[in-house]
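*Asks:* So you can see what is in the structure, the chains are spelled out below.
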Amino acid sequence: MKKVSIVLLEEYEKVLIYSIKFEHNEHTEFENFLSKYKDIYSKDIGIIMARIDKIIQDGVFDRHFRYAGKYKDKVFELPNNIETSKLRLYCIAYSPSIIILGNGGLKKSRTYNDDSELNGYVEILQEVDKKIGLEKKKNNSFKDDDILEDLTFTLK
Amino acid sequence: MKKNSLMEECRKLITPEIQRSVDLSVDIADRIMDILAEKGMTQREFAKAMNKKESEISKWLQGTHNFTTATIAKIEMVLNKNILSITKSSLPKVDYVSTKPTALVLLKVVDSQKKYPDSFVYYDSKIKNKYSYEKYN
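These protein sequence lines are chains E and L, in that order.
Residues in the first sequence are numbered from 9 upward in steps of one, following the working numbering.
Residues in the second sequence are numbered from -2 upward in steps of one, following the working numbering.
These are computed hints drawn from the structure, not numbers from a lab.
All values reported here derive from a predicted model rather than from experimental measurement.
Virtual Cβ for every residue (Gly too), placed ideally from N, Cα, C.
Heads up, some of the hints might be wrong.
Derived contacts from chain E toward chain L, CB cut-off under 10 Å, selection only [to be verified]:
hint	residue
1	E31
2	N33
3	M57
4	R71
5	I140
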């Protein structure tokens, strides 16, 4: 059982950017991703950051992502099909104004399912997405644009 | 507005080329969507006119397709509108382009209007498509 909380990283007029942070970890999953790859795969990190900046300007819309996860969840992959990158970042496109960035890594196989590391990151986000959905059902006043900060879940 | 210092540091890795590529992909999808809205055309009608599956058109409109110039030309024909516009050079045409592998070649300029008398273009064969225009003394 792992405890995970939702942390606000950046705030803009149109978009709030969150990540997830495991209990006892110093940094969020997205910060761990950036720290791990920014020096070795600087171009790929540049591509992902440019796409995140576009999302900040535009809103969290499908056009910015590649589909990942299952049809019923909101888990997506960055960058989309246009940009060629060795890196994949997984995220939850929660609403047009909220994105939750997770972790990612090098694309070594055709699909993320064939890679245990990448598949693990997707599964974490799928579970977080499910937990947020349950929280919404429990709490009637919980709406899409509500601040998710400090929400804490226990994952399997 | 809250900012994250590590994200700010990583934003410095966005080169002008990366920025342009991301901007273009979104702008092309936006342009097609705007024309469809203007014409009151549905994705299904557009797909039929393009002789494509609706799912493929949907992918185009999400900005997740790497368009070839041939596809853009076909879209422009079907929608009867320009998707991209190219800025043309205002320089006078050059009468001779050296094929020699030298780095810098002087080229005489064809200037029928005599707008640039005694002018030459420096053609750098190593950086194709880029040439500077200078007054020749």
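*Asks:* Look at each hint and say if it fits the structure.
*Replies:* So, going through the hints one by one against the coordinates:
no., hint, verdict
1, E31, "violated (20 Å)"
2, N33, "violated (14 Å)"
3, M57, "holds (5 Å)"
4, R71, "holds (4 Å)"
5, I140, "violated (21 Å)"
Going through the hint list in order, the structure does not satisfy hints 1, 2 and 5.
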